[in-house]
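Asker: This is what each chain is made of:
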Amino acid sequence: MKKVILSAAVLASLAISNNAKAQLVDEQNVTVTMDLQPILQLGMNGSSNVDFVFDQISEYVGGITQYGATNLNVTSTVNWDLYAVGFSSRAALGFWDQQVVYGAGTDANAIDNLPLTLLELHQDKANPSVVLSGTGLTDDYSAAFTQVQGGVSVGQNNVYVSATPYTRPAIDAKYIAGSFALTDFVVGGTYLITNASGVGGASDYYYAIDYRIVPALPAIFPNASDFATAGGNNATADDLVTANAAGAYAQSGVYTMNVKYVLMEN
Amino acid sequence: MYNPKKILFQFCVRFFDIKYFTCFFYTFSFFLIPSIEYAQCIPPTTFNCDPNHANSAIIMDTQPNKEFTFDSFNKYAGGLTLNGSTILKLKVASNPSPPLPCQWKLVMYVSNGGSLVTPVPSEWETMVSYGSGSTSNKPSLDLLQVRVSNGCGTAQNSGVWQSFVNSIDGDVIEIINPSTLTPAGSGTGCGGETNGEGTYLGVDYNEYSFTIDYRIQPNYDFTPGRYELAIKFCLVEK
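Going down the list, the protein sequences come from chains Z and W. My numbering numbers the first residue of the first sequence as 1 and each following residue consecutively. My numbering numbers the first residue of the second sequence as 1001 and each following residue consecutively.
The hints are simulated quantities; they were obtained by calculation from the structure and are not laboratory data.
Capping the alpha-carbon separation at 20 Å, the derived lysine to aspartate or glutamate pairs in EDC-like fashion look like this:
hint: 1; chain 1: W; residue 1: K1232; chain 2: Z; residue 2: E27
hint: 2; chain 1: W; residue 1: K1089; chain 2: W; residue 2: E1174
hint: 3; chain 1: W; residue 1: K1089; chain 2: Z; residue 2: E27
hint: 4; chain 1: W; residue 1: K1138; chain 2: Z; residue 2: E265
Coverage of chain W stretches by chain Z, computed from C-beta distances (three or more under 8 Å per stretch; other residues unrestricted):
hint: 5; region: 1053-1063
hint: 6; region: 1223-1236
Among chain Z residues calculated to face chain W with C-beta under 7 Å, some are:
hint: 7; residue: L24
hint: 8; residue: E27
hint: 9; residue: Q28
hint: 10; residue: V30
hint: 11; residue: T31
hint: 12; residue: V32
hint: 13; residue: T33
hint: 14; residue: M34
hint: 15; residue: D35
hint: 16; residue: L36
hint: 17; residue: T75
hint: 18; residue: G189
hint: 19; residue: T190
hint: 20; residue: E265
Bear in mind the structure is a predicted one, so any value in this text is a computation, not a measurement. From the three backbone atoms N, C-alpha and C, an ideal C-beta is built for every residue, glycine too.
Can you build the whole structure from these sequences, using the hints too?
Answerer: Have a look at this one:
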């Protein structure tokens, strides 16, 4: 009798188990994969060659300014920093490359070691990131060019100089946007779409760059700064007289240098 | 009368030569397994619909893997949409002489792999991160938008983009879940939020088939990487 009851109980248990599955439940599954690939685009409008031809006394004295010669636009899906770096084949020494010498060029005071920092930049709006460099003179290139007649402005707008252009500038160097610290950056976005800072040229994703070179008379480039400290972001003069000797002046000729604009993930 | 404990004990001792508590543990686990297996598609308590897969089923012929690749700024800004990417076809039959008419519901659950895989239950599962990842902002589950529609507009919020608003693992969007039985229009038209017996085969196709569109508009807010989630469509007797 016990066996009969036990068997019945087992069978009943199995029956209950079967009933538990005998209900309408069916499913289908979908897997959704989202691949967010990083985009870091720097666009540049304007000629890739910016020529400064000094063939008038007024140009030597007053300098030449090229307004809005380069327009930079950024589209990025990641937080980013943007900086300019002055570069040449002699960047380790901080000098322009001399391509051609005019005249005999035998005068010992005719100097062909023109400092890269003689090039001044101006950006149309301030660095939007919260930055304050440690020992650097200024955070960016947003300060207006100083009047030539008012005196020199060493370090204020001088281009950042480095022989390793793709290495992130130190905290005391100028950035166009963002800075060295991981907490200083511009968030991802694009100049094409309205964002918190505006749209197009008004936004934090668009910068118009002016260039200026002031040789002065004699041509000693009085605004040049010492590239060895903070990449030139300091008030130590490096004009040709200071760097060489009294009577020094720039040797006539053709010189070239390269300004790299580097957009980098923060 | 026989004590159930005694019966179970005798059964275990006789057939498996194990003690009562061990036996109780295994028996309890045996009954627990089905509820774990269907942790999301919750089994019903009624038996009015025919569970035989040949008669009642949810059928998905479309590709189960949806890939959204964002590799240009316009895709980030404008988003990507996969229209008609999933098509579900239902057939639901009734048991012979059920106590009540057969009713069903159709719901979709979202899953990021569970809390053991993803530390934050509101985020997509991260497969890999791209770049330096100095800042981390992972996409949340409500980033995915879905739009359900069919020829009769029977789905809740038919034709409207929806998201998993609670943004947690296991969040649900109901497609069909009326409180009462709504029979099919039987070829004479649309029957509202149809949830009675019927099939996509034949005149009621528009009430027993569903098209699901997917859309993602990431903008520029998230850390680049490869992310994944799963969606489970459940057809359950109601």
